[in-house]
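**Q** Protein sequence lines correspond, in order, to chains A and B. Per the numbering used here, the very first residue in the first sequence carries number 1; after that it's consecutive. Per the numbering used here, the very first residue in the second sequence carries number 315; after that it's consecutive.
Treat the hints with caution; some may be incorrect.
[What the hints assert, rightly or not] Distance ranges between label pairs, derived from CB positions: (1) Glu344/B - Asp20/A: 29 to 39 Å; (2) His100/A - Glu343/B: 54 to 64 Å; (3) Ala205/A - Gly491/B: 34 to 44 Å; (4) Asp462/B - Lys56/A: 33 to 43 Å; (5) Arg51/A - Glu585/B: 54 to 64 Å; (6) Ala275/A - Arg405/B: 30 to 40 Å; (7) Ala275/A - Asp354/B: 23 to 33 Å; (8) His100/A - Leu340/B: 42 to 52 Å; (9) Asp354/B - Asp20/A: 29 to 39 Å; (10) Gly491/B - Gln48/A: 30 to 40 Å; (11) Arg582/B - Glu30/A: 30 to 40 Å.
[What the hints assert, rightly or not] Output of the computed footprint for chain A on chain B, the stretches with three or more beta carbons under 8 Å from beta carbons of chain A: (12) 367-379; (13) 485-496; (14) 533-540; (15) 570-576; (16) 588-602.
[Stated by the list, open to error] If the Cβ cut is set under 10 Å, some of the chain B residues that face chain A in the computed set are: (17) Phe388; (18) Asp391; (19) Gly394; (20) Val395; (21) Asp397; (22) Val400; (23) Gly442; (24) Arg443; (25) Arg444; (26) Val480; (27) Val610.
Everything labelled a hint here was simulated from the structure, so no lab data went into it. C-beta: ideal position from N, C-alpha, C; glycine also.
There are 2 protein chains.
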Amino acid sequence: MRKAIGIDLGGTFIKAALVDQEGAILYKEEAPTLAERGPDDILLRIEQMIRDIAAKHALQISDLSGLGIAIPGFIDDATGVADEVVNIGWRNVAVREPLHARLGIHVAMENDANAAALGEAWAGAGRGRRFALCVTLGTGVGGGVVIDGKVLRGANTMAGEIGHMVMVPGGAPCNCGHHGCLETISSATGVVRLAREGLARAQAAGESSALAAVQDLTAAAVFAAAEAGDVLANAVVDEAIETLAWGLGTAANVVNPEVIVVGGGMSRAGERLFAPLREAFPRYALRRVALAATIVPATLGNDAGVVGAARLAL
Amino acid sequence: MRKAIGIDLGGTFIKAALVDQEGAILYKEEAPTLAERGPDDILLRIEQMIRDIAAKHALQISDLSGLGIAIPGFIDDATGVADEVVNIGWRNVAVREPLHARLGIHVAMENDANAAALGEAWAGAGRGRRFALCVTLGTGVGGGVVIDGKVLRGANTMAGEIGHMVMVPGGAPCNCGHHGCLETISSATGVVRLAREGLARAQAAGESSALAAVQDLTAAAVFAAAEAGDVLANAVVDEAIETLAWGLGTAANVVNPEVIVVGGGMSRAGERLFAPLREAFPRYALRRVALAATIVPATLGNDAGVVGAARLAL
């Protein structure tokens, strides 16, 4: 059976996995990114991780179908260069050529959201479906569109950026420079912002909320307070989910997916997220679009990126 | 050079064209649809048009690469059946099999908006571009996404329905059953609605507008009054265009097109439409998405459907 190595380069950790052609992870490991040491050092350590994984499995590097690497920023696939990777301070870093030169194998690249989408579509919750829309609810809202097993990249690898669909013109400022993007509302960060704003209003109005007592206000804390019946927390969660349904309905009208895979930290809220999301989705997706699309939780968790990266090389 | 026939089945006319493999129309004709005579009669007349075109060009039917047919409704490509075509009253009408049986050639189907998008992307304003988003501003707002020369169909041929992206939840009712869809604002119908509503408000406030004197309020009349300096007409046109920029920016964040082709009757407004549209688009599309996308007028006009239909068979 063919095997490839998938690398998920993150701001904090580099994850590496040996993946077979069925999408099963045979082995995985991770190491700190140490971004401050610069790109050459990171690429060298990626090479070492790959040699180490091969050696542990009695494989020659040449036995591998290749190497796929997920990068948390903008890439130029034509040149094999990472144009801009804010999290680790990269600008115009050649990735494919140095790795190919050192290892002598096929090297494929993808941005991390697209790689995670590909992983879920190929070997996770979207397995067996031809058209998948994948969304990750974390600090931001990442997205990816997978068609017939291939990531839709678009003109310059920006396709699937559903977190930056503007939902509320003039709304809360977004890191992208615009206002009111989906991720200002339906991400973990968005939920915390809505909760803080709601708390300020509630306190001004002399209303109480369990959230006022929470030391470290996180999206998980807001979901927990909502489950416990707090009115403000439920209003915040409802707004985040209704807006997510709107955004997914909008994107679904464009790509008409068979499956919408929802992952990321916030997806762990389970039915408190999925039940109202499924209920609201048909208010925004065309009837036939809604009929075609099943909304499901992601199943690969943090492994989606390495699996998708490996898929690129298989 | 290979040739195919493209059919564009409309509510009023059936258009047919002989198209070569470069996308050039060698000949075209049209005939009334006469929907009231039923599907068998229409399919028979389509067959006759094809035989007639072949005979006029000294071609055997078997010399053709095939036949493509654009249908103004929902199709099931797997079965070759038109599921629902409201305009001509069809429900579950087999199209591919009867035409194939009668003519002995390959028959391809597509819905009309997708066929028009394919035509523009292949042989019109999107020629030479890999990723095209095409939009038609007419009675409604039609759309299609073309990737590497192929229409993105999605799970059940509904992809590209950007006219039904909900822009304003709870807004004006749309034919689709939802409220506030893009086509309730940025179509010819939407412009007329906004103008009527604006006129009512202006009259209630004792303000004048040149639109009050217009007998037959059309989108063209509103654009003309705007060009002539009417304040209300300009406000209406600006709202329709700003919302269109929002919708196109939203869809572009999902598919990352190289080119956005804008056609349909309203696109004849020229720079009064395109200049503010290009100006507003980057307020909604991510910076890199906006940098990658050129917004251009469609060039095939009413021929986009037959050209795209023929492309399906080539």
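**Q** Would you mind marking each hint as holding or not holding in the structure?
**A** Results for each hint:
no. : hint                            : in the structure
1   : Glu344/B - Asp20/A: 29 to 39 Å  : violated (57 Å)
2   : His100/A - Glu343/B: 54 to 64 Å : holds (56 Å)
3   : Ala205/A - Gly491/B: 34 to 44 Å : holds (37 Å)
4   : Asp462/B - Lys56/A: 33 to 43 Å  : holds (40 Å)
5   : Arg51/A - Glu585/B: 54 to 64 Å  : holds (60 Å)
6   : Ala275/A - Arg405/B: 30 to 40 Å : holds (34 Å)
7   : Ala275/A - Asp354/B: 23 to 33 Å : violated (47 Å)
8   : His100/A - Leu340/B: 42 to 52 Å : holds (48 Å)
9   : Asp354/B - Asp20/A: 29 to 39 Å  : violated (54 Å)
10  : Gly491/B - Gln48/A: 30 to 40 Å  : violated (58 Å)
11  : Arg582/B - Glu30/A: 30 to 40 Å  : violated (58 Å)
12  : 367-379                         : violated (count 0)
13  : 485-496                         : holds (count 3)
14  : 533-540                         : violated (count 0)
15  : 570-576                         : holds (count 3)
16  : 588-602                         : holds (count 5)
17  : Phe388                          : holds (7 Å)
18  : Asp391                          : violated (13 Å)
19  : Gly394                          : violated (18 Å)
20  : Val395                          : violated (14 Å)
21  : Asp397                          : holds (9 Å)
22  : Val400                          : violated (13 Å)
23  : Gly442                          : violated (13 Å)
24  : Arg443                          : holds (8 Å)
25  : Arg444                          : holds (7 Å)
26  : Val480                          : holds (5 Å)
27  : Val610                          : violated (14 Å)
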